[in-house]
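*Asks:* Sequence:
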Amino acid sequence: MNDQPRGISPLFLSQFEVDEAVPFQRHLNRLEVEIGREDYSQLKRVERLDEVPDDQTFAAMVEITERLLKNTQNNYNRELLKHLQARIYLDPGHYSIYYRLPGSCLRFVATWRQAVLQRFFAQVPTKDSGWRSCGQSLPGFEGRFLPDTAGGALLLRQKRVDLRHQHPLITASHGPYDPHTLEVTLYFLRTGKGGTAIINLGFAGREPLTDANLAQLKAWGVALNPSNIDVIYPYVDEHGHPYCYKLEERLPDYVAALELSLPDLVIDIHGCVGTFSDDRRVLVGLGGLPPFREPAQIGTLRKAEGVLHLQPNAAMHRGLTMIRDLSAEMYVQFCSGTHQCYNFALLGGMQLLGTRIDPSLDSESLLDGEERAFLPGEDLRWLPGAGANALQRIAARKLNPHTQCLHVEIPTAVRRKMVLKLRSLEIESSLDASGL
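One point on numbering: in our numbering, the residue at position 235 of the sequence shown is 236, and numbering is uninterrupted.
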């Protein structure tokens, strides 16, 4: 993989910073934890080691102390770690983080990542695994683990070459941060809605610890601020570039590793929190930043009695039909310019009905101090797919100018429902395999 320094537009960077005067108030993850009831309990585990590893052990790791202190958005955590004289190390092979404190040592274990790798490889590989059959974990598919400095990625593909090219590519760009997007990806693959998939196994530095882990840390004298735990797994690489864009920017590398010509349809799966706890409205974003999308690129637009009617073209119709399996309530959002954007509801006949909006006038933030936009008139999240989606579309266009990239934001309640659907499919497959 290419690890050269890369530039990034300031449009894609958030300057959010936590108020150090309120060190235990949730900010960045308040929607996910308190409204969406997201379950982060399987992501990380913290341990206090009985013996502090020796200098030789730490020398084999990568010290990331200065990187974390320089880039954290949380002043409270920065000052705390300085006070504790913590030295922080990354074991890139096992993707563990070590806090080396005077007289003690803590280790953060990426438990979700371990479970995923063991599921597909019966172990936790530290090097390129090569292609291996997925067996009953995903019948008819083979998987490959690709390592990098940020947890690596899981690649999945149909064993039949023709099916790989006939079906869409599924990407789960923020696997650990968006709970159950892996399960949604596997559901799509099992039901023939995708021929290949790329799943990010690394953290982006912002995934919160559970309250139980935070209580344990506090008892050990390391009372980290739960509002933004970006002082555990680094948010940026050694060049200061955000890890959260790695799947989008490196799309050509992953497609090459899949030995694939990029299909005409890419489904990029994300998790979101709606405007209320049981929100089941799936949002399909087609881009909120350049390269902008015109309605004519999506279908046939007409206006009747002040309402816009958009009939999707064949490629868009195929993608929306596939995603419709997630929820009966779907919206399509995109922008053709900075102040000219569209919000469409998907009707039963696959027709889009909506209005033109100006986000600067028609959207507001759900919470002060956070970039969590919604449309108050519709009580609907405004997530047309900005930074990461734009980067993916730019990379995809270079590989296949006809590719449509659909940025799918799935609310918590729907993702939980898809977990149950996947388990049902897995049980049926297991019974069939056993002859019962």
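Fair warning: there could be bad hints in the mix.
Just the calculated beta-carbon pair ranges, DEER-fashion [unchecked claim]: (1) Q167 with L432: 25 to 35 Å; (2) Q119 with A60: 35 to 45 Å; (3) Q167 with I395: 23 to 33 Å; (4) L348 with P402: 21 to 31 Å; (5) T112 with D359: 42 to 52 Å; (6) D279 with G222: 35 to 45 Å; (7) W221 with P402: 46 to 56 Å.
Rather than coming from a laboratory, the hints here were simulated on the basis of the structure.
No residue lacks a Cβ here, since even glycine has one placed at the ideal position from N, Cα and C.
*Asks:* Confirm or reject each hint.
*Replies:* Now the hints, each set against the structure:
{"no.": "1", "hint": "Q167 with L432: 25 to 35 Å", "result": "holds (28 Å)"}
{"no.": "2", "hint": "Q119 with A60: 35 to 45 Å", "result": "violated (29 Å)"}
{"no.": "3", "hint": "Q167 with I395: 23 to 33 Å", "result": "holds (25 Å)"}
{"no.": "4", "hint": "L348 with P402: 21 to 31 Å", "result": "holds (30 Å)"}
{"no.": "5", "hint": "T112 with D359: 42 to 52 Å", "result": "holds (44 Å)"}
{"no.": "6", "hint": "D279 with G222: 35 to 45 Å", "result": "holds (40 Å)"}
{"no.": "7", "hint": "W221 with P402: 46 to 56 Å", "result": "holds (55 Å)"}
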